[in-house]
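**Student:** Residues per chain, in single letters:
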Amino acid sequence: MDIVELSRLQFAFTAMVHFLFVPLTLGLSILLAMMETVYVMTGKTIYREMTKFWGKLFGINFALGVTTGIAMEFQFGTNWSYYSHYVGDIFGAPLAIEALMAFFLESTLVGLFFFGWDRMSKQKHLAVTWLMALATNLSALWILVANGWMQYPIGSEFNLETMRMELTSFAEVVLSPVAQVKFVHTVSAGYVTGSIFVLAISSWYLLKGREVAFARRSFAIASAFGLASVLSVIVLGDESGYELGDVQKVKLAAIEAEWETHPAPAAFTLVGLPNQAEERTDYAIRIPAVMGLIATRSLNEEVTGLRELKEQHRERMVNGREAFVLMQRLRSGEGTEEDAARFEEVRDDVGYGLLLSAYTEDMNAPSAAEIDRAVEASIPEVWPLFWTFRIMVAAGFIMLVLFALAFWHSVRRQPEKSPWLLRFALFSLPLPWIASEAGWFVAEYGRQPWAIGEILPIHVAVSSLTFNQVLFTLITIGVLYTLFVIIEIWLMQHFARKGPSGSGYHAGLDAIDASVDTQTSKPQEA
Amino acid sequence: MDYETLRFIWWVLIGVLLVGFSVTDGFDMGVGGLLKVVGRNDEERRVMINSVAPHWDGNQVWLITAGGALFAAWPPVYAAAFNGFYLAMMLTLFALFLRPLAFDYRSKLDSLTWRSRWDWMLTIGSALPALIFGVAFGNLLQGVPFQFDDILRLDYQGGLLGLLNPFGLLAGVLSLLMFLTHGAAWLQLKTEGELRQRSAVLGSRTALACAVLFLLGGIWLLLGVDGYQVTSVIDTQGHNATTAKLVEASSGGWLYNYARFPALWLLPLLGLTSFVLCSLTMKAGRHVVAFITSSLATTLVIVTTGVTMFPFVMPSSINPNHSLTMWDATASELTLMIMFVVVLIFVPLVLAYTAWSYWVMRGRLDEQYIRDNDKALY
Chain U
0 MDIVELSRLQ
10 FAFTAMVHFL
20 FVPLTLGLSI
30 LLAMMETVYV
40 MTGKTIYREM
50 TKFWGKLFGI
60 NFALGVTTGI
70 AMEFQFGTNW
80 SYYSHYVGDI
90 FGAPLAIEAL
100 MAFFLESTLV
110 GLFFFGWDRM
120 SKQKHLAVTW
130 LMALATNLSA
140 LWILVANGWM
150 QYPIGSEFNL
160 ETMRMELTSF
170 AEVVLSPVAQ
180 VKFVHTVSAG
190 YVTGSIFVLA
200 ISSWYLLKGR
210 EVAFARRSFA
220 IASAFGLASV
230 LSVIVLGDES
240 GYELGDVQKV
250 KLAAIEAEWE
260 THPAPAAFTL
270 VGLPNQAEER
280 TDYAIRIPAV
290 MGLIATRSLN
300 EEVTGLRELK
310 EQHRERMVNG
320 REAFVLMQRL
330 RSGEGTEEDA
340 ARFEEVRDDV
350 GYGLLLSAYT
360 EDMNAPSAAE
370 IDRAVEASIP
380 EVWPLFWTFR
390 IMVAAGFIML
400 VLFALAFWHS
410 VRRQPEKSPW
420 LLRFALFSLP
430 LPWIASEAGW
440 FVAEYGRQPW
450 AIGEILPIHV
460 AVSSLTFNQV
470 LFTLITIGVL
480 YTLFVIIEIW
490 LMQHFARKGP
500 SGSGYHAGLD
510 AIDASVDTQT
520 SKPQEA
Chain F
0 MDYETLRFIW
10 WVLIGVLLVG
20 FSVTDGFDMG
30 VGGLLKVVGR
40 NDEERRVMIN
50 SVAPHWDGNQ
60 VWLITAGGAL
70 FAAWPPVYAA
80 AFNGFYLAMM
90 LTLFALFLRP
100 LAFDYRSKLD
110 SLTWRSRWDW
120 MLTIGSALPA
130 LIFGVAFGNL
140 LQGVPFQFDD
150 ILRLDYQGGL
160 LGLLNPFGLL
170 AGVLSLLMFL
180 THGAAWLQLK
190 TEGELRQRSA
200 VLGSRTALAC
210 AVLFLLGGIW
220 LLLGVDGYQV
230 TSVIDTQGHN
240 ATTAKLVEAS
250 SGGWLYNYAR
260 FPALWLLPLL
270 GLTSFVLCSL
280 TMKAGRHVVA
290 FITSSLATTL
300 VIVTTGVTMF
310 PFVMPSSINP
320 NHSLTMWDAT
330 ASELTLMIMF
340 VVVLIFVPLV
350 LAYTAWSYWV
360 MRGRLDEQYI
370 RDNDKALY
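From first to last, the protein sequence lines stand for chains U and F.
Going letter by letter, the first sequence gives residues 0 to 525 in numbering that gives the first Met the number 0.
Going letter by letter, the second sequence gives residues 0 to 377 in numbering that gives the first Met the number 0.
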């Protein structure tokens, strides 16, 4: 393992832990705003208590979201400093805008959300909650604009003098189709996470016959919002597949283990065992035509296979090698007019030159074997992508079934009469997190070997550090995060178990519960 | 607007963000650092924590924004500083991890052991970054051991221990005491009785210590630390290769800007005066003036540092020609322009709703308030 691997591991770990908290913040903030809206519109205090109780759990989650979020901002500079130098001109802007436009608002209002209940009118507090939720979502927009640009870098060009990428069109970066599709897909996934969280805990109360009035109402809101959101995740996920077919062909082909280009329309491989060495998928079960439909929205366009993509990469690598050599010559001041003119022709492939430089000592005359190795390394490993993608999709469809059933039972006002449904909801609690983490894995691992798609390979992007420095921080972060997550989960279950009536917010709720309990039969205990 | 003006504006804006951070997050970090010193029991500590509870999170975003703005406006500085100061940055990060959790989790359980552990976390999480930020600036003033290769990849030749030199430590202690003073000033605005008394006594002492350290540091800097000066012509409008300029390090070199514009001497003098005034007003119980002078002193320490180093941002001690200045370490003109527009729109908005949030949460807190709102507060 070298410093690149170690730094990747650290980044992946911190990002994935961070994303345990982000989707819940995204979803729960909107749900809180909805609950409080019902309170302000109907005047029923139970909805205020719902906002406060779910708000308490929101706070426990939010704290760790903030903690792990700071690490993300630091790490581009600390561990990926050449990346920061090389693309900061473009990548830094959305991050700074995120802080100014969204994170400031969110963080200022979160204080008023928790501590401002008695200090302003109902309407003002509701406005605070909505603005907090809005800011959270805006935050996601800017982060995904930045991430979208890593996947599909447009609106920028390489500047030989400054030795970095520079912005040419801010509008192109912000309106990038990849960023937009990612944004809607990701925030919808956040809404699903918030909904499952509320649904699962409410189901647990209903199973135990506790907090019934409170849990029923929470269940109803979560199931309706969750159903709408899960539909949106799936539809927008499909849209993202279409986008991939357009601009991230390697990732799409790897997800689908599409080794070679087949006649259109391509078949979708449902399951199978991708075999990278021999470039085929063993024991594959295929559904004809489906993949062509998803990726091209047509029956006559092809989906390019990995073998053909690698051949394209080989061509670009030959140009990239030349661009790399010319770049060095021009920067040292020894370049001629001709060199400069030739560089203009091959400059778009300089990234492939940087990639090749990791596989050869002599960029003037790399051996055929070295080029072959670099070409092989120009696509990610297939099987992890193939499988995590399928895990994400499966989790998504299970949640669709759950929300459809939950919504149906909730409309009929009797969720507690179906203990099997309540148990299904309870045990589905981990699903949105599994789906989110798998989804991010697909997005980021599918980008390999690039830090910035086809522009900057990861081994060039890394900082100038020693192995032991990174090892030390990786271990420390590993230990700290593990402790934090354990504490967080313990606190969550502690307050969930205590429930709204045990949290000391109100005395009146037990009375409401009691009156409800006499009207409806209790669910059968398992 | 031309490139030169934009570059200068961004030098000012980075300063504004650092001042914003120190004046707002500075006091809640100060309160965190004083938690075990001024707060004698759980209720007193809860009063202290809740005096900043609605605001610390928003305040911290000044730091996040400063980091983001550095990334966008001065990418080479962001890259070189975060990579070069790797372990110091990571220690800061680990300390910052602890704050959100300590604030939010501390009073969630009744156990005094649980609370006491989190109190330590909050103390470390607040005091350590304050110290390290000062150490970092103390080292920037002395120059940092880095240079670049032909593709501008960083080569940094120092470690964590190299940062802990006497001048760096002096700057670190100054920065810590400055934040503690500011925290003490805040506590006088927001608390009652003994807590307020104790923070006034302590704050007036730390403010005086700040004055002494600031004076001492200034004399040391001018007599014992080499300053840097660009000796080649800089094209402030165009592209400057970071590695192509000529820079000279010389004793007393940091006096250059003051020699050209003697009026600049007013900045450190006003800073010194503010610390002394802050100390006196705290003693006299004039808490509003004390908070204003403490904010002013903090601001002037940062402004003085920036003005002294201008146009340098990160001088290199091993290869002065590779030093990063605000003329050559900036983002492209387009990015600076876009980010300037964003700042023009959003900073006033941020200031407006931040001010509103302070207005909503105005008033003093005491132990009775904590007891009355036991479950709803931190």
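Be aware that a few hints might be false.
[Unchecked claim] Residues on chain U that point at chain F, a partial pick, calculated with CB under 10 Å:
#1 H84
#2 R163
#3 F385
#4 L430
#5 W432
These are computed hints drawn from the structure, not numbers from a lab.
We treat Cβ as the ideally placed atom computed from N, Cα and C, and that holds for glycine.
**Student:** Would you mind marking each hint as holding or not holding in the structure?
**Tutor:** Hints, one by one, checked against the model:
About 4 Å separates the beta-carbon of H84/U from the nearest beta-carbon of chain F, less than 10 Å, and the hint is met. Annotation: R163/U was flagged as interfacial toward chain F, and the flag holds, the nearest CB pair being 7 Å apart, inside 10 Å. For the restraint placing F385/U at the interface with chain F, the shortest Cβ-Cβ distance is roughly 35 Å, beyond the 10 Å limit, so the hint is violated. Hint status for L430/U relative to chain F: violated, with the closest Cβ pair at about 26 Å, above 10 Å.
Taken as an interface hint, W432/U does not check out: its beta carbon lies about 20 Å from the nearest beta carbon of chain F, beyond 10 Å.
Checked against the numbered hints above, the structure violates hints 3, 4 and 5; every other hint is satisfied.
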